[in-house]
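K.L.:
Starting from the known structure of chain A, arrange chain B on it as the hints suggest.
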Amino acid sequence: MEVSDLSILKEYKKNNRKGLELIYDRYKKYVYSIAYHYAGNKEDALDITQEVFISVFKAMGGFKEQYSLLPWIKKITINKCLNFLRAKKESISLNQTTESGDELQNIISSDEITESSIVCKDTKKALEEAISKLPDRERMAVLLRHMKQMKYEDIAQSMKLPTGTVKTLIYNGRKSIKQNLISQGIWEV
Amino acid sequence: MSCNKVDSSLLQDLLDETIDPLEKIFIENHLRTCKDCRRELSELKLMFWDLGNKANYEIEYPAELDTMCDHIIDAVAVEESKSNTMYFVDMQINTMKMSGKYLEYMPGANYTSQMLKKASKGLASGVKKMLTAK
Chain A
1 MEVSDLSILK EYKKNNRKGL ELIYDRYKKY VYSIAYHYAG NKEDALDITQ EVFISVFKAM
61 GGFKEQYSLL PWIKKITINK CLNFLRAKKE SISLNQTTES GDELQNIISS DEITESSIVC
121 KDTKKALEEA ISKLPDRERM AVLLRHMKQM KYEDIAQSMK LPTGTVKTLI YNGRKSIKQN
181 LISQGIWEV
Chain B
1 MSCNKVDSSL LQDLLDETID PLEKIFIENH LRTCKDCRRE LSELKLMFWD LGNKANYEIE
61 YPAELDTMCD HIIDAVAVEE SKSNTMYFVD MQINTMKMSG KYLEYMPGAN YTSQMLKKAS
121 KGLASGVKKM LTAK
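Chains as they are written, first to last, in the working numbering: chain A, 1 to 189; chain B, 1 to 134.
The hints are simulated quantities; they were obtained by calculation from the structure and are not laboratory data. Quick caveat: nothing in here was measured; it's all calculated off a predicted structure. All residues carry an ideal CB built from backbone N, CA and C; glycine is no exception. Be careful, since some hints might not be right.
Unchecked claim - Derived DSS-like pairs (lysine-lysine); straight-line CA-CA distance at most 27 Å: (1) B:Lys45 <-> A:Lys175; (2) B:Lys45 <-> A:Lys151; (3) A:Lys148 <-> B:Lys45; (4) A:Lys125 <-> A:Lys175; (5) A:Lys42 <-> A:Lys75; (6) B:Lys54 <-> A:Lys151; (7) A:Lys28 <-> A:Lys14; (8) A:Lys29 <-> B:Lys54; (9) A:Lys124 <-> B:Lys54; (10) B:Lys45 <-> B:Lys35; (11) A:Lys18 <-> A:Lys58.
Claimed, not checked - Partner residues aside, some chain B positions facing chain A, computed with beta carbon under 7 Å: (12) Ser9; (13) Gln12; (14) Glu43; (15) Leu46; (16) Met47; (17) Asp50; (18) Gly52; (19) Asn56; (20) Tyr57; (21) Ile59; (22) Pro62; (23) Glu64; (24) Leu65; (25) Cys69; (26) Ile72; (27) Val76.
Pulled out of the complex, with its shape left as it was, chain A reads as follows (with noise of 0.2 Å):
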């Protein structure tokens, strides 16, 4: 926050470089908060970082002064988040059954220590478990809500849905936050 954008975009026309690294320092965390709690791990967060940068610094040439960056690099971020999963849905599902199938043995084997685990499960993991079994669209619009505070309509914007739709998304997301939270038994202590 040290930079204003204004600023940085003056040093990207000196030196190329050097404006593409403050943008960077900028943005990285929050491009990289988006992509975590998206797709709920580290390597996938760095990939759509990854992804979401190459697109800012190939489109720079064309930004225009008067706009702000972050706006621009929040769209860009939420297009990246829900194509990257899309397409790696397709291409490993099978992948994921056998993560999944790992998980499920490691339960089994192993129920004394899940009770207690289920137990004292704090909410913290409680609430990213039950944010990551949200469908993509409705994940993304709860995030940007709750975890960025926009408003429906900048959400809808950033989305390029109807604000209704995203209302949608949000009521039935929560619900099933809720439903989860409570099978989870975190409230009951």
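P.N.:
Chain B in isolation, oriented as in the chain A frame:
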């Protein structure tokens, strides 16, 4: 679960502070008498609290995030230089076209295509004649 008399999205709107003023009055009145909705509302409140709690979104940023920058900039730079090669190839093609341009100004060059057409027509009728002659 909330009761059937009320759309459960209204309870979410109430907590979200996006509720219509009239609906707010309606739902507040309803909550006084409906135990199910009060329970639903308190569950939703807990969830909103958890969802809105920034500590729940705190994550560790991996070291790769810092080191990745150079790699990304280099990758973009390489692609840009590739497009420079394309520009060079286009230029070469243009040069070759230009070097053949003089052919257009050679005497009789414009008629070459017409002459070729006529010649081929003559050729066709000639062949026909030869065939019928047999």
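K.L.:
Flag every earlier hint the structure violates by its number, smallest first.
P.N.:
Every hint satisfied by this model.
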